[in-house]
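> As they're listed, the protein sequences go chains A and B.
Each residue of the first sequence is one higher than the last, beginning at 1 in the working numbering.
Each residue of the second sequence is one higher than the last, beginning at 1001 in the working numbering.
Treat the hints as calculated values from the structure; they're not laboratory data.
Keep in mind that a hint or two might mislead.
If you want the footprint, here are the derived chain B segments under chain A, 3+ residues with CB under 8 Å [said to hold, decoys possible]:
{"hint": "1", "stretch": "1047–1056"}
{"hint": "2", "stretch": "1066–1078"}
{"hint": "3", "stretch": "1090–1097"}
{"hint": "4", "stretch": "1108–1118"}
Here are the simulated SDA-like pairs of lysine to any residue, each with C-alpha atoms no more than 20 Å apart in a straight line [said to hold, decoys possible]:
{"hint": "5", "chain 1": "A", "residue 1": "100", "chain 2": "B", "residue 2": "1029"}
{"hint": "6", "chain 1": "A", "residue 1": "71", "chain 2": "A", "residue 2": "104"}
{"hint": "7", "chain 1": "B", "residue 1": "1111", "chain 2": "A", "residue 2": "40"}
{"hint": "8", "chain 1": "A", "residue 1": "100", "chain 2": "B", "residue 2": "1048"}
{"hint": "9", "chain 1": "A", "residue 1": "100", "chain 2": "B", "residue 2": "1042"}
{"hint": "10", "chain 1": "A", "residue 1": "9", "chain 2": "B", "residue 2": "1041"}
{"hint": "11", "chain 1": "B", "residue 1": "1111", "chain 2": "A", "residue 2": "44"}
{"hint": "12", "chain 1": "A", "residue 1": "100", "chain 2": "B", "residue 2": "1041"}
{"hint": "13", "chain 1": "A", "residue 1": "100", "chain 2": "B", "residue 2": "1046"}
{"hint": "14", "chain 1": "B", "residue 1": "1111", "chain 2": "B", "residue 2": "1015"}
{"hint": "15", "chain 1": "A", "residue 1": "100", "chain 2": "B", "residue 2": "1027"}
For glycine and all other residues, C-beta sits at the position ideal for the given N, C-alpha and C.
Here are the chains, one letter per residue:
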Amino acid sequence: NAGVTQTPKFQVLKTGQSMTLQCAQDMNHNSMYWYRQDPGMGLRLIYYSASEGTTDKGEVPNGYNVSRLNKREFSLRLESAAPSQTSVYFCASSELASGKNIQYFGAGTRLSVL
Amino acid sequence: AQKITQTQPGMFVQEKEAVTLDCTYDTSDPSYGLFWYKQPSSGEMIFLIYQGSYDQQNATEGRYSLNFQKARKSANLVISASQLGDSAMYFCAMRERGYSGGGADGLTFGKGTHLIIQP
């Protein structure tokens, strides 16, 4: 089972370039999330989507946009990348109906902005 | 104030010993969930164990157990009979039902504990 798949795994950008991080899940989950992880830190929530058609800001949304394309896919876009956005980005999904809302994570995307 | 505090940046433990990783949390929400994740050097986040705020018993999953002390706002992870493969970063996280009301909002993570198991 694939679970949560993120592409690309690695990316190097120049300041001001744009890019979209892709995320897809095959667990039929309703909710999806984007986090970033900086060195020595835990993950911080950027945006989330409780269900298809809805998105909401998390703790650190500035500089990012998201699109919930369908139930399976949730993309994160950097319109004008900045060095402060150098980080590891994780996508996750969960099923609220389970009550526990356990989030399952993709393998991450390592992004460097020069 | 931090919502999740992990006071042990790093720990060295002998193989086969039991390990306790500390986690304290701060919330005024009566309904919340507590999670532990493992992040090996390969980088992925692996779910280990969950404890709900209304659960009467401590959660257990194989060699993992969660020592939940609600009054102290403590949710320590206990790993019994540690193995070399347990070497990794361990993160405590919390979900509050919070502002969205539906519980779909994300997790708040601590800064992690780097556990190294020595042979």
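> The structure should be examined with respect to each hint, and the outcome stated for every one.
Results of checking the hints against the structure:
Residue count for the stretch 1047–1056 of chain B with a Cβ under 8 Å from a Cβ of chain A: 3. That meets the three needed, and the coverage hint holds. With 0 residues bearing a CB less than 8 Å from a CB of chain A, the stretch 1066–1078 of chain B misses the requirement of three and the coverage assertion fails. Judged by the Cβ-Cβ criterion of 8 Å, the stretch 1090–1097 of chain B is covered by chain A as claimed, because 3 of its residues qualify and three suffice. Evaluation of the coverage hint for the stretch 1108–1118 of chain B: fulfilled, as 5 residues show C-beta separations to chain A shorter than 8 Å, against a requirement of three.
A threshold of 20 Å between alpha carbons decides the hint, and for residue 100 (chain A) with residue 1029 (chain B) the separation of about 16 Å falls inside it, so the pair holds. Taken as a hint, the residue 71 (chain A) and residue 104 (chain A) pair is honoured in the structure, with Cα atoms around 15 Å apart against an allowance of 20 Å. Annotation: proposed proximity of residue 1111 (chain B) to residue 40 (chain A) holds, straight-line Cα distance about 7 Å (limit 20 Å). For the proposed pair residue 100 (chain A) and residue 1048 (chain B), the alpha carbon gap of about 13 Å is at most 20 Å, so the pair holds.
Of the pairs offered as hints, the one joining residue 100 (chain A) and residue 1042 (chain B) is violated, with about 26 Å between alpha carbons and a cut-off of 20 Å exceeded. Our distance criterion of 20 Å between C-alpha atoms is met by residue 9 (chain A) and residue 1041 (chain B), whose separation comes to about 15 Å. A C-alpha spacing of about 10 Å is found between residue 1111 (chain B) and residue 44 (chain A), which places the hinted pair at or below 20 Å, so the restraint holds. Taking the CA atoms of residue 100 (chain A) and residue 1041 (chain B), the gap is about 27 Å. The hint is violated against a cut of 20 Å.
Of the pairs offered as hints, the one joining residue 100 (chain A) and residue 1046 (chain B) holds, with about 16 Å between alpha carbons and a cut-off of 20 Å not exceeded. A hinted pair counts as satisfied when its Cα atoms are at most 20 Å apart, and residue 1111 (chain B) with residue 1015 (chain B) does not qualify at roughly 24 Å. Using a Cα cut-off of 20 Å, the hinted pair residue 100 (chain A) and residue 1027 (chain B) holds, with the two alpha carbons roughly 17 Å apart.
Of the numbered hints listed earlier, those contradicted by the structure are 2, 9, 12 and 14.
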